[in-house]
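Residue numbers (numbering that gives the first Met the number 0), protein chains in the order written: chain R, 0 to 245; chain G, 0 to 146.
There could be a bad hint or two in this list.
Claimed, not checked - Computed list of lysine-lysine pairs in BS3-like fashion (alpha-carbon distance at most 25 Å, straight line): (1) G/K26 with R/K106; (2) R/K33 with R/K98; (3) R/K106 with R/K71; (4) G/K5 with R/K71; (5) R/K71 with R/K33.
Hints in this document: simulated from the structure, not taken from any laboratory.
For reference, the chains in residue letters:
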Amino acid sequence: MEDLVEIVLLAGEVLLTNGAEIQRVEETIARMGKAAGFLSAEGFATPTGLFVSFYAPDGRVYTRVRRIRAVKNNIAKIAAVNSLSRAYASGEISTDEVKEALLELTKPEAVYFWPAILASGPGCAGFALIFDGSMLDALFAGITGMLVALIGAWLSQYPIPRIASSAVGGTIVALCARLFCQFSAADMNKIILGAVMVLVPGVLMTTSLRDMLSGELVSGVSRGADALAIAVGVAAGVAVVLSVGV
Amino acid sequence: MIVLLKSLLTGFVTAASFAFIYRVPQKQVLRCGLIGAAGLFVFALTGYLGQVAAYFLAATLVALLSEITARMAREPVIVFLIPGVIPLVPGGMAYTTMLSFLQNDYPGGFEQLAVMLFAAGAIAGGITVTSSAFRALYRPRRGHAAD
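For reference, chain G alone in the conformation it holds in the complex:
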């Protein structure tokens, strides 16, 4: 329970903070934070399915919410997508992988490399599936600012 609450809070804070760092239009920062919180919450909730499945589901939800919010707010999808996936993204693992290699811990490095590639692949897969589905199903209206 505490783990889930913590994931909501940290997901919101990190996504909203990185929305500033990536210079998202400032009136959208709150929405970015909420999407990030939802993503990390689902990741914590589905963790028992295994890491790859949890990353995939969380990224799919983030992409879905981003596509919907983008259409409502008439902004490009990346405005919400990039801050939204920030809490999930395996940047820390990229660093620990390289650190293991530099400290001559090759077995540890390769293990983390594999985990990182699967995590990044699962996130990219979730986003790609969702955005392709939206592209195929959604016919943009004239003058509509989202895509």
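Okay, chain R solo, but in the shape it has when bound:
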């Protein structure tokens, strides 16, 4: 039984640390707990912690708490846990196979995930165009975005609070934008606006409001606070550079 508790808890932890929705985490725990032979499994997930109680048929109750710290965005892992939990619930794979697959998913990733860093270029360039920038602005925003994504990946190895790494990112964006504008007729604000999109908490803010609308109040408020901290960090980083000797 102890072993089964660990597996279900691990599935929940992988989901939460990779940015899954609260509802999905709680449903996955209930589904896998049932499949593992518990009478019921009750999960309470928040973006910063996971609480689970398992009711065993022999009358015992197993309760576990997991603290969630660093959250990354890795949708592929969420998709993987999702299909694992469904295959397990329908009896297609054994407990050992699930455990092995989950442990595989918790292995630390490479620091530099190149597709993401390179994709930051066209991503930021596209946003510069959405904000009515010229092609030149888009080009510079793309270069800046890739640089910021690279530095962000490097910083992610160290235990730095999100607000601080956001501020560093904002500073780099503004420095690059000022540099580019020294040598060309590009619009500094468009470059900054485009390049800042890899840092800024747009999805987090929308998820926070979605959580609140569907009644997940704890998660909604904490994600909103997280989004606020990141936005303040990025804006502070940019403001410092903009205010120095215009």
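Chain G: place on chain R using the hints.
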């Protein structure tokens, strides 16, 4: 006309790029891009209705396409939903709001804060309405990987 074409192109590029950044399974990146393009296209098309309505309609379409594609591709909905809303999401506004406050432009900051909250609320509302409708109407088959 050019504005609409531009929205299709930029919507595709940003959604597909952010699909890589959020590490979506790589064979789904193309579909994410198409959903993002559709969303930003509808946003540009319905812009004359006012910002909140345009955000709501665009987000509803993105959520609808994501739910359908997720069932076809047997992936969780967020695989398509998160990259799909990226072109709409008011992240830039979150930054400009805070920048206005930091530069002591309080009236400008509060104005942008209100615009941003309504934009994010309209997007969240569109997604929530659509996904609740799917949840209520759709009975999952056994072993089906989407939800």
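Okay, the hints, checked on the actual structure:
no. : hint              : in the structure
1   : G/K26 with R/K106 : holds (22 Å)
2   : R/K33 with R/K98  : holds (16 Å)
3   : R/K106 with R/K71 : holds (14 Å)
4   : G/K5 with R/K71   : violated (31 Å)
5   : R/K71 with R/K33  : violated (28 Å)
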